[in-house]
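Please arrange chains B, C, D, E and F with the ligands on chain A, whose structure you already have, making use of the hints.
Read top to bottom, the protein sequences are chains A, B, C, D, E and F.
Numbered per the numbering used here, the first sequence spans residues 7 to 269.
Numbered per the numbering used here, the second sequence spans residues 132 to 313.
Numbered per the numbering used here, the third sequence spans residues 10 to 150.
Numbered per the numbering used here, the fourth sequence spans residues 1340 to 1993.
Numbered per the numbering used here, the fifth sequence spans residues 980 to 1263.
Numbered per the numbering used here, the sixth sequence spans residues 612 to 953.
Treat the hints with care, as some may be off.
What the hints assert, rightly or not - According to the in silico footprint, chain C covers these stretches of chain D (three or more CB under 8 angstroms from chain C): (1) 1374 to 1388; (2) 1441 to 1448; (3) 1848 to 1855; (4) 1931 to 1943; (5) 1961 to 1973.
It is worth saying that the hints were derived from the structure and are not from the lab.
Where a beta carbon is used, it is the ideal one built from N, C-alpha and C, also for glycine.
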Amino acid sequence: MTNIYTPYLAKIKKIIKETHDVKTFQLELVNPESKKKFNYQPGQFAEFSVFGVGESTFCLASTPTRPEVLECSVKKAGKVTSAIHELWEGDTVGIRGPYGNNFPVKQLKGKNLVFVGGGIGLAPLRSLINFVLDNRGDYGNICLVYGARTPGDLVYKKELEDWDKTPDFATHITVDKSAGNWKGTVGFVPVILGEVAPGAENAVAITCGPPIMIKFVVKELSELGFKAADIITTLEMKMKCGLGKCGRCNIGKVYVCKDGPVF
Amino acid sequence: MSKQFSSENIARLNAEILVKCGVDLKECYQCGKCSAGCSSNWMMDYRPHVIMRLAQLGQRAAILASQAIWVCTGCEICSARCPRGIDVAAVVDSFRQLAVAEDVRYGEHDIPLFHQYFLKETRDHGRVRELPLVANFKIHSEHPLSDFALGPTLLAKGKIKLVDDAKGSGVNDLQELFKLKV
Amino acid sequence: MSEGFTPNLIGFFCQWCSYLGADLAGTNRLCYPANIKIIRIPCTGRIDPQFILRAFLNGADGVLVSGCHPGDCHYTAGNYFARRRMQVFKDLLNFMGFDQERLIMTWISASESKKLVKVVEQFNETITRMGPQKQLVLPTR
Amino acid sequence: MPRTGVFVCHCGSNIAGKVDVETVAAKALNFDRVVFSTTYKYMCSQPGQEVIKKAVRDNNLDRIVVAACTPNLHGKTFQRCIKTVGLSPYLSEMASIREHCSWVHTDPDEATGKAIELVRLATAKVRKNVALLPLNIPVTRRALVIGGGIAGIQSALDIAAAGFEAVIVEKEPSVGGRMAQLDKTFPTLDCSACILAPRMVEVATNEKVIIHSYSKIEKITGSVGSFEVQIKKKARYVDLGKCTGCGTCTEKCPVKVDSEFNLRLSTRKAISTPFPQAVPNVPVIDPHHCRYLTLGKCGVCQKVCQAGAVNYEDKDEIIIEKVGAIIAATGYDLFDPKKYGEYGGGRYRDVITGLQFERLINASGPTGGEITRLSDGKTPKTIVFIQCVGSRDEQKGKPYCSKICCMYTAKQTILAKEHIPDVQCYVFYIDIRAGGKNYEEFVKRAQTDYGAVYIRGRVSKLYEQEGQIMVKGMDTLLGEEVEIPADLVVLATAIVPRREARTLAQKIGLSYDQHAFYNEAHPKMAPVENLTLGIYLAGACQAPKDIPDSVAMASAAAAKICGLFSRDFLSIDPIVASVAETCCVGCNTCVAICPFKAISMEIRKDRTGQERQVATVNTSLCQGCGTCLPNCRSRCISLNNWTTDQLYAEVMTI
Amino acid sequence: MEYAYYPGCSLHVMSSEYDVSTRAVLARLGVTLREIPDWFCCGASSAHMTDAVLTDALPAKNLALAVKVNQRIAVPCAACLHRLKKTDHKLKNDDALLKNVNESIKDNYQGNAQIKHPLEIIQDDLKTEELSEKITRPLNNLKVACYYGCLLVRPAEAAIDDAENPERLDRLMNLLGAETINWGFKVECCGAGMTLAHKESIIGLAGRILNDAILNEADCIAVACPMCHTNLDLYQDQMDLKRKVPILYFTELLGLALGLDYNSLEIDKHIVPAKGMLLEKGLV
Amino acid sequence: MKNYLLTEEQIIALFNAAAEHYELYVPVNSENGQVFCWEKTARLDKMVPSNIQPTASIKKFFFPNSEPMFGFKKEKQEIELYQAAASVPRLVLGVHSCDLGSIKVLEALFKDTVDDELFREKRQNTVLVGISCSAKDWACFCSQLEINSRFSQDGDLFITPREEKYILSVTSAKGEDYVNKYLENGETVAGFTPANDLGEEETFTLDFPKIKEVMDSGFELPVWEKFARKCINCGICTFLCPTCHCFDVFDEARRERGARFRCYDSCMFPEFTRMAGGYNPRSAKAARLRQRYLHKYKYFVDNFNLIACSGCGRCIRHCPVNVDVRQNLNILQHSGSEGEDD
Ligand SMILES: Cc1cc2nc3c(=O)[nH]c(=O)nc-3n(C[C@H](O)[C@H](O)[C@H](O)COP(=O)(O)OP(=O)(O)OC[C@H]3O[C@@H](n4cnc5c(N)ncnc54)[C@H](O)[C@@H]3O)c2cc1C
Ligand SMILES: Cc1cc2nc3c(=O)[nH]c(=O)nc-3n(C[C@H](O)[C@H](O)[C@H](O)COP(=O)(O)OP(=O)(O)OC[C@H]3O[C@@H](n4cnc5c(N)ncnc54)[C@H](O)[C@@H]3O)c2cc1C
Ligand code: SF4
Ligand code: SF4
Ligand code: SF4
Ligand code: SF4
Ligand code: SF4
Ligand code: SF4
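Bound conformation, chain A alone (with noise of 0.2 angstroms):
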């Protein structure tokens, strides 16, 4: 007998290391059949597991445009995620999902894009950057307005700066507090947003972030003129079985898990 609490192998092909408490995993499905079943979305998320430790909680970072990897990356803040940060190249973990609704590609074509991250709020933005980078036709511009604490959180530099470069596509990258030979900008990210103003005509602002940040974030976009109706944000939520079940990420009637995070 099996169950839904029971989770795919996967390897860990590659881990890259993004801060100093930021890793990002690059997994394969041990299994070529639940490879076939793990179809996902951008703004999705999964159940990884560390077995003897437990599970937690991550948006998947990649994007299904590249199914050669399948990526997420975790932040050390507790028992689950400190162990994860021990892994090696080679472990074998679990991994449950795809979980939660996604970002509505569909409707987003043709729009302009602004996504707003903090900190390891890119994640999940990534995810759908990259998807709309890969289906570069269907969007119209992208600006990304992404902020860490200091430039040592910034995650994804590599990637940041290949987007920097790529046509069509504003990056402002900011700072809390700056550190060491940080050139760039300094400042909170609804503020910098606010300097930036991207325009809100036919435009989805995306955001993602620590809640605090949302909430000034989204005051900033409808004094940009955003309505509420175009802007996503994706929560995050102390979740355990990701499938409606356990109670924990309830709020109101809605569970986080079955009915997010994209909101």
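This is chains B, C, D, E and F with the ligands only, laid out in the frame that chain A set:
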């Protein structure tokens, strides 16, 4: 003649005494305080600390045949003052008991004899009756006639009764405990 | 007593006293049962009851917490806190269905290697008599 | 990404003789995150350490486990070893497969099995180890010396000679300690006062040395590098600055009390100095006996003092001193022979202690150096000395040997003979312990040149008969009882720790043994250090000691401190607690529980400007006990090197 | 106040005067003694010296019988007291032994006895003031050497006082008005049970004790044990002494002080007559 | 619906007949007499008691306090997963109507979106035999939720005592199968009308639609803070409640072997929603109590059109500080219209 030491004898006697009275002979460091205080040391062939030493060295036979173990009065001064907390008197008791149990040739005649008759009194009558005890003991002792003169005085003073029918009624309960050889 | 049962004993030993006592037991070549594993802790005050619970869940049959004598705590009071904590925790263990005798707390100083041996021997005896601790049941195929 | 190497030591045959080290190393390879394992004959040796270094480099190891002796012995060795190849010292762990395994278990299979488990434990823990950065602590370059006996004086002088300040706290009105009570000293027989007095003067006049006499330690806080000491200077009632030490007050004072310094062999006045060469040479008033202070009448001393130094209003005073290191040099007390009922239990006046004898023969003592009987003032012709009174006696005294009594008894027989040419001395002994330069020769001299008769055996009993003390003992060599009618009996009583040794130790966090002698950090390798960092030991507070040993130890402790003071910062293990502020609920529990008051509450503002209180740990106060951790309800305090993760990891391997 | 009373063999015949005076004195002081029916010999030294089983069996049997009368037991003979208390101590601390012994004596002793010497009863159970009120004939002018011997003070578990310098008897004698001497033989051995078996011991040991008492100018020696009494009393003729010393039971001295009739105390049963000395001191 | 009239012997025989294939659970007093609960028995020897409600609810048979979800074995970098063996068929006797009614709630949830096999498998494997309850106590309020304590069709079989005998009603196909298989010559009765207790009145009536209205109207009501004042967040109500279903997932491992378990969790616990970084959306007690009530009487209604409560009264009976959901709901239903009274 020189003493023969053997590791088995040493180990065996050490263990035997440990079981009998809980004393670890090895603890004795031969300070001699037991002997210095001992009431009977002046009569002993081996002083208590020498008994301890002999015992440490497994010299069982020598101790069992000694006179010292019998002239010990059981005053327990040795035990009370031993800096290592050894119950020397209990060790001496143990050797006496071993001597009795093993029927060795005692190093002293009268004292063990007295103990035997004393216990015989207890066995047969529950209590000790002076006259039969004295009589029995004296007849068999090495000095039958000593203190003969005291007899009349004691009788006169009422210290000895001619007829004593003392007897605990539950004597039979105890009989089988006695393994006397009289 | 269960035949041939060797209990799995865990000692949480304070680094300032009991752990040193165990070192001394070694230096003196004293001998005690091999089925105790000693975990070094900075002070008994550091012991979280959860560690003990964990130990039981993970297959320990007995847990021995040992620290400095009252008044001798290297940190002045850690052992008092530990003592109180253990007292309360024992009740809780009972409540949870563990035998509280499987947890003992003793004071062993750095010089009391003999006491250590005695304590371990006795504890081993007690636990051997009590038999194995109920264990977490993992599903089998 | 933890990559652990396991190094199993043979320790010659100490480990390998019992434990199958190869199996241990092989099994270790199966443990989680272990990528390398090997064995070596002596891991702690230079080549052994090279093995480790090479393995770290070749296999890209980032943590190591050494399965060898106890971490208390070589933990630091291997930390240093990996530091040289660029690894943080905190990424190493030891599995004690010697002290905790091969030496204490008899069955080789069991021992090997256990060794494997111990290695498993250590590999699990090391996985969770974190590369910590050492803490740098500023060093206050002044030392506190507790106790002004010869050991305290010597260390203060040595520290001062190196240019640092030393603060002596002495509980008595004068420094000098026990040595000041002695007459002549073995094995050279030079006069105690003649060699001590110059030192006392030196320490009194040395501007780098501050003496707080008649003072007590109230409280010590802080830790190595920066202790704060509260000293209570007891009211002396005589102004230290004004008094000229003329002694008129003492002369005129009408109250006589038993003299403590002379061990009740004589009296002193209510205002007095303990002995003529006292430093400072300023008397104190004994408030319990002074008529003015108890009854409000008299006041003679104030009237006669020309310097106007007497002040009845004097009060106890608290002084704060800041120091970077502490020497405990509190010396010893003597065992009270009252416990020995068989030796009269203190009832016989002509049975005295060795130290009382020192006072009797001392020229400045109560009898001016005449040896007389206390009962009738007669000169004794037969003196019996009994050694080991209270020593080597678990029943009534202490199990240990007091080390110096053999020597001072020999000395006293010599001095007795010098004072009373026709005296006959007998010495009851169990063994003579005269290990020291010229010591055995000294004891032999007492026997050959001074005719002391040595009798091997313990005395069983003393009793008075016809004005003499009957000594009932055993000559175990002869095998006979001996009874000696003595005129005077001198008991060589055991050396015991100071009565207040325990309380003081608890105040300053010193560790001590079951007798309350202070513990050295290691009996061979760190004999003058205590386990508590920054505290050192000198003299007889650590164990019974004679003067040469006390002085040697004092100089050694001073040298250690000078070493410490030669640096501006002290680098210490960062084994301290820290609070994860995000989850602290500000409940205050930890603040109340920390024995070192290292935690306090601070107000933090979050990004929304909301204020909340969170706990913070003062790392220079935190000693790393970890008591706060289990008490934190939100489990948000962590302790470096003993994190919950680390301990859990160990427990999980059970 | 009531006690079970274990007189022991000596008090039965040989030292019946001790029995008589103990009963009389305690009755006067309001303590009731109920003799244990069918008590046995405790085995004295002979048992523990020669037989490991009897050592504990005999005392245990007596304890079992005694507690049926009363848990508090009065034992005037120091030797019996020593045996009973030592065995009792062992039984109280060793359940296995208790079980064994009970089996062999076919009885069920629970380890619940409280064993006391009359001296303890007088000093601990009664109030000093009450006692002194009852004194009608203080022992003024009497110089007493208090002799405790071995078994009252050794070993600690059976002792009624300090092992080296006991003072109970001295305190009682002082209370009665007598002067007590400080001497070195309070707790020396007098030869114990060797009275008959080994006279040589007694002559030597008791002789030294008597000599020191004489040296210290004692009028008499007070004892609290029938064995000590016999040893010190019996052979004075055969010893090399400056003078003879009357040996008196403390109960006899106490009886006199309480005003009991001289004859009723049976003091004349002693071998060394005491009457002359007592007359001289005006105590008869 | 088929009804049989059976003697006590027949009933006992009916259940014992299956003892070989089913684990038999009957409500009994546990050793200390404090707790009344279902325990496994080898054979039934007398009729099960009908009037005492077991302390732990029926949910433990499908959703146990703690259960392994799968096991795993580690070997260096490799992992092997395996599932626990299938459950044994069970027969649970003496289930009250409230508990039978509550199962619907759990079924709805565990079936929703994706089917939870762990729950389903156990549910399918269990025959539930209800029993008519005629001794509602002070805490019961099933009738307010329109549950008939005398009779329920939510189980598989149902027993109603009648004079010296018993009516056995067959209320599901599973029950039918069982009876066909194991009942020997049972006598059917026609025209059995189950008793109904719905008429009995409580001191106040809970108007659930009204309550939901109040709940819909706003999140921040001062009453929550008031309700929560007493509560000590012990979580007993959630553990005993037959409809509460929040669980925690964790791994237990011993060296290389381990398993992933789930066990009851409670929205009453402060850690329930605390995130790794420390942020906790429901850090206040009032917020947690509100979550429990809203979840039961509002969200669940929104999502499944079911009230997640069966009026069994366990949360009232066993609350150590006497928090009474009925009183709170009563206050709530009035606070909407008349404002807060104090
Ligand atoms: C009878 C006798 C004869 C001896 N003869 C000799 C000899 O001939 N040769 C020899 O080498 N050795 C001899 N010794 C040993 C010698 O006395 C010691 O070795 C020496 O005194 C030890 O010095 P110390 O400084 O360690 O201790 P001490 O002399 O005891 O000094 C300790 C000082 O600390 C002070 N102090 C204690 N507690 C406190 C406190 N809490 N706060 C503040 N101050 C405190 C005390 O007042 C004292 O001044 C003899 C000892 C005895 C008993
Ligand atoms: C059999 C035995 C067992 C022992 N057991 C113990 C024990 O269990 N515990 C204990 O504490 N102690 C023990 N000891 C004592 C211990 O060995 C010594 O205390 C200790 O070694 C002394 O150390 P040291 O540095 O003073 O002298 P040493 O160890 O002798 O070192 C002196 C060094 O100086 C070198 N040297 C000598 N002369 C010159 C020169 N002219 N130029 C250059 N270099 C020179 C020597 O080659 C040597 O390396 C034992 C001693 C023996 C004999
Ligand atoms: S007194 Fe004790 S240690 Fe000394 S010789 Fe006698 S038995 Fe041995
Ligand atoms: S008990 Fe015996 S050996 Fe011991 S002191 Fe008394 S007479 Fe001597
Ligand atoms: S490391 Fe330890 S065990 Fe190994 S050789 Fe050195 S001392 Fe011996
Ligand atoms: S005990 Fe824990 S939660 Fe409470 S204030 Fe301290 S750190 Fe914060
Ligand atoms: S670990 Fe905690 S309790 Fe211990 S000293 Fe540091 S802060 Fe205080
Ligand atoms: S909420 Fe209370 S009454 Fe309702 S089902 Fe749960 S426990 Fe029973």
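Now the hints, each set against the structure:
no.: 1; hint: 1374 to 1388; result: violated (count 0)
no.: 2; hint: 1441 to 1448; result: holds (count 5)
no.: 3; hint: 1848 to 1855; result: holds (count 5)
no.: 4; hint: 1931 to 1943; result: holds (count 3)
no.: 5; hint: 1961 to 1973; result: holds (count 8)
Of the numbered hints stated above, the single one contradicted by the structure is hint 1.
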